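Using the sequences provided together with the hints, build the complete structure.
Line by line, the protein sequences are chains A and B.
No gaps in the numbering here: position 45 of the first sequence is 45 in the UniProt record's numbering, and each next residue is one more.
No gaps in the numbering here: position 229 of the second sequence is 229 in the UniProt record's numbering, and each next residue is one more.
Think of the hints as simulated: they come from the structure by calculation, not from any bench.
Every value quoted in this text rests on a predicted model; they were computed, and no experiment measured them.
Backbone N, C-alpha and C define an ideal beta-carbon position, used for all residues, glycine too.
Take the hints with a grain of salt, since some may be wrong.
Claimed, not checked - Quick list of in silico lysine-lysine cross-link-like pairs, DSS-like style, CA-CA up to 27 Å: (1) B:LYS257 to A:LYS217; (2) A:LYS18 to A:LYS143; (3) A:LYS250 to A:LYS77; (4) A:LYS130 to A:LYS117; (5) B:LYS56 to A:LYS277; (6) A:LYS244 to B:LYS259; (7) A:LYS257 to B:LYS217; (8) B:LYS20 to A:LYS277; (9) B:LYS217 to A:LYS56; (10) A:LYS257 to A:LYS277; (11) B:LYS244 to B:LYS277; (12) B:LYS8 to A:LYS277; (13) A:LYS8 to B:LYS116; (14) A:LYS208 to B:LYS259; (15) B:LYS56 to A:LYS8; (16) B:LYS217 to A:LYS259; (17) A:LYS277 to B:LYS204; (18) A:LYS217 to B:LYS56; (19) B:LYS244 to A:LYS259; (20) A:LYS8 to B:LYS18; (21) B:LYS250 to A:LYS18; (22) A:LYS210 to B:LYS259; (23) B:LYS204 to A:LYS259; (24) A:LYS259 to B:LYS257; (25) B:LYS204 to A:LYS244; (26) B:LYS257 to A:LYS56.
Said to hold, decoys possible - Chain A is faced by these chain B residues, among others (derived, beta-carbon under 7 Å): (27) GLU55; (28) ASP75; (29) LYS77; (30) TYR260.
Claimed, not checked - So these bits of chain A aren't anywhere near chain B, every CB distance computed over 12 Å: (31) SER16; (32) GLU40; (33) GLU55; (34) VAL139; (35) PHE141; (36) GLU200; (37) LYS210; (38) VAL216; (39) LYS250; (40) LYS259.
Number of protein chains: 2
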Amino acid sequence: MELWYTEKHSESVNFSLKVKEHLFSGQSEFQKLDILDTYEYGKLMTLDGLVMVTEKDEFVYHDMIVHTPMAVNPDVKNVLVIGGGDGGTVRELMRYNNIEHVDMVEIDKLVCDAAKKYLPTLSCELNNPKVTLLYEDGVKFVKESPDNKYDLIIIDSTDPIGPGEGLFTTEFYTNCHRILTENGILVNQNESVFYEDTQEAALKANSKLKKIFPIVKVYQANIPTYPSGYWLFGFASKKYDPIKDLQADKWNSLGLKTKYYNTDLHVGAFALPSFVKEFFENGSIQFL
Amino acid sequence: MELWYTEKHSESVNFSLKVKEHLFSGQSEFQKLDILDTYEYGKLMTLDGLVMVTEKDEFVYHDMIVHTPMAVNPDVKNVLVIGGGDGGTVRELMRYNNIEHVDMVEIDKLVCDAAKKYLPTLSCELNNPKVTLLYEDGVKFVKESPDNKYDLIIIDSTDPIGPGEGLFTTEFYTNCHRILTENGILVNQNESVFYEDTQEAALKANSKLKKIFPIVKVYQANIPTYPSGYWLFGFASKKYDPIKDLQADKWNSLGLKTKYYNTDLHVGAFALPSFVKEFFENGSIQFL
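Right, here's the structure in full:
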């Protein structure tokens, strides 16, 4: 018997992975979670049937969502992570000695529990004493947080369907801005552009951030298991420009070994293809 | 009835496109060629069952294989294209007024014939009087070409299996070097690294070029229909460095509108992820 997992990357594009074993299936009050052991990508976590993270290519996503802002402000001390229940983002943050504290607000305890059991290479730092893990609604959490608390907010969310929806709203971003220090940076996973399904979310997240933050840029990475293999992140900031203020020498002097990220790639990640730049300026793409 | 085309991106990864209509199927002495009309990617040409080109994402490949070397030496006059039977590479080359002549050597006439009939947006310049279209073996052609003839050679080949095999050999690259002028640049499609199937070819092409050309670099682009969505190109040159000698102002003054390429992205395309840099230095990748 052959077992295959298939995700519809668009209505007429299927991406399928051959499965060794279906290790876990669970339903929380928020979503359905499955852990599959795949031949090519190692262990895979899906939420409501969509790939969240795989052991083989998670390094791309977590390098880009953590080290990009940290190389712009390596002096970050207090971090808020929204989502990120698999633990990959916290794992990368914990490599910075000067980070004093991380609040991680994951709405769904099941995600962390499953990651702790099945994805130990991701969840390995979730019990670090510098990390406070809160199983709460991120929207409510930022609303109730005091002003000027965090130097960095990382929105490591699902797509804006289901529990992730509130993390793509103007109200949420406004509260994020309020609770960031004057050096504050926000990064988010900003969807993608090759397929219509994610274009609108990518555009909306970007245009909402632009109304609130003076500096908003988009950057890119290659994540093979995400639709089209081309994924975007948002970088929003109160004062730091991600290129002009990149502290390459300082970051490199930390000696962190990273599999995807490096400071040359940092600059390249913000150099978007012409059609992507136009999309964020004009709101449309004509492919065919 | 639903019709789906599936390519195995690796032994345990399938990529499938929903098909409106199977427009053409032909067998030449070299390979099997099919044209499918797909919902998401428009018309698709496959050779021996593998995606060569789709109407939706061909702009990425052709922008990167043509404009990258042209922005380093916008004074290119004589070009040799090996392969490239769909016409996309020649179409982009014909946008440069100062290019005087292109020899295009495609081993398989069927590729050009099918492109002319089914992919007019790609093949539209194949009859340009500046283009000499030769249905010959590229390996033999370069062997028999005189010294110092071309300013630019573009190897727009299939994978090194079947008819493309000879285009990945030291002898072939040595002849390419010989027939290039002292300003000569060679670019090739250089496979990819996320899946084992293409890793060896990527590495070999690169290491063979390094034995022959003083400057050899690798650059990257996002091509959703190619395995992993992450694809590499090789840039080999007798004297021009692709970054130091990039003539951004001069290229931008030409006013070419390109959907993927721009001169900032040019620089970013050469900023490889750390694991890719290490792969080309050490010859191995550890993902899991």
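Can we confirm that no CB of chain B comes within 12 Å of the CB of VAL139 of chain A? Consistent with the label, VAL139 of chain A stays out of reach of chain B, its closest Cβ about 32 Å off (over 12 Å).
Next pair to validate is LYS244 of chain B with LYS277 of chain B; report whether the Cα-Cα distance is within 27 Å. 19 Å, holds
Hint consistency between LYS56 of chain B and LYS277 of chain A [alpha-carbon to alpha-carbon, up to 27 Å]: Status holds; Cα separation ~18 Å.
Would the hint linking LYS257 of chain B and LYS56 of chain A be met if the CA-CA limit is 27 Å? Not satisfied, since the Cα-Cα distance of roughly 37 Å exceeds 27 Å.
Does LYS217 of chain B lie within 27 Å of LYS257 of chain A when you go C-alpha to C-alpha? The given pair, whose Cα atoms are some 22 Å apart, holds under the 27 Å limit.
Please check whether the beta-carbon of GLU55 of chain A is more than 12 Å away from every beta-carbon in chain B. 6 Å, violated
Hey, is LYS259 of chain A genuinely clear of chain B, shortest beta carbon separation above 12 Å? Check fails; 5 Å does not lie beyond 12 Å.
Does LYS204 of chain B pair with LYS244 of chain A here, judged by a C-alpha cut-off of 27 Å? 38 Å, violated
Least C-beta distance between LYS210 of chain A and chain B, which was stated to exceed 12 Å: 20 Å, holds
Tell me if the straight-line CA distance from LYS250 of chain B to LYS18 of chain A falls inside 27 Å. With Cα atoms ~49 Å apart, LYS250 of chain B and LYS18 of chain A exceed 27 Å; violated.
Can ASP75 of chain B be said to touch chain A, with a Cβ gap under 7 Å? Given a least distance of 23 Å, the restraint on ASP75 of chain B is violated.
Is the hinted pair LYS244 of chain B and LYS259 of chain A satisfied, with a Cα-Cα distance of at most 27 Å? This hinted pair holds, its Cα atoms lying about 26 Å apart.
In the structure shown, a violation is registered for the earlier hints numbered 2, 8, 10, 12, 13, 17, 21, 24, 25, 26, 28, 29, 31, 32, 33, 40, in ascending order.
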